[in-house]
Amino acid sequence: MSTTEKVRWTSADLELLPDNGNRYEIIEGELVITGMPQWKHQEVTNNVCVELTIWSRQTGLGEAATNPGVVFTDTDEVIPDVVWVSYERLAQILDESGHLAGAPELVVEVMSPGEENERRDRQSKLKLYSVQGVREYWIFDRLQQKVEVYLRENGVLKLAMTLFKEDNLTSLLLPGFSVSVAALFA
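With this note's numbering, the residue at position 94 of the sequence shown is 96, and numbering never jumps.
Hints were generated in silico from the structure; no laboratory data involved.
These figures come from a predicted structure and were not determined experimentally.
Ideal placement from N, C-alpha and C gives every residue a C-beta, glycine not left out.
Honestly, I wouldn't trust all of these hints.
As the list claims (entries may be wrong) - Simulated DEER-style distance windows between Cβ atoms:
1) T75 to N22: 22 to 28 Å
2) Q40 to K167: 18 to 24 Å
3) S182 to N22: 36 to 42 Å
4) T172 to Q146: 19 to 25 Å
5) L175 to A103: 18 to 24 Å
6) N170 to E45: 18 to 24 Å
Assemble the whole structure, with the sequences as input and the hints as a guide.
Put into structure tokens, the structure is as follows:
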């Protein structure tokens, strides 16, 4: 009788993969490969990052970035669509190679169509971000034109609200931040 061991991917393995436009991530040692994002996906990603950047420049409290590498552990390395990090936290988690080596305060994912993508963002990444200490997690659903806002409660990220096009997105983490959900999907 033979047993098959599940391959556990590591950050070192990612270095050997081709730079071919695919996005390679590892969640709990499992390799996740996604293709290049669609134009509309990138529009929403850019809209969110622009609004967070404008707010950050006005307040001087931190920075937003699109598609940063976040290395939580050797077997948990992801590329969120957008993150926001306070300057204080950034000084603690930015490593020598320019990657985040810890949890940013805010992570944003723009879901790509498909059940597998939905499962990854709403389950695998939600769990990872929760365990690693992310304080807020926003999931943008382009097809349903809604934003799910998860907030840390008793050490776990929990769904706090679902916003639609007629709503404004605000954040306890970002004092005074407010933007129309419709504008983010525009």
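Against the structure, the hints come out as follows:
1. T75 to N22: 22 to 28 Å: Holds, at about 25 Å.
2. Q40 to K167: 18 to 24 Å: Since Q40 and K167 have Cβ atoms about 20 Å apart, the given range 18 to 24 Å holds.
3. S182 to N22: 36 to 42 Å: 37 Å, holds
4. T172 to Q146: 19 to 25 Å: 20 Å, holds
5. L175 to A103: 18 to 24 Å: With a Cβ separation near 20 Å, L175 and A103 satisfy 18 to 24 Å, so the hint holds.
6. N170 to E45: 18 to 24 Å: 19 Å, holds
Taken one by one, the earlier hints all hold for this structure without exception.
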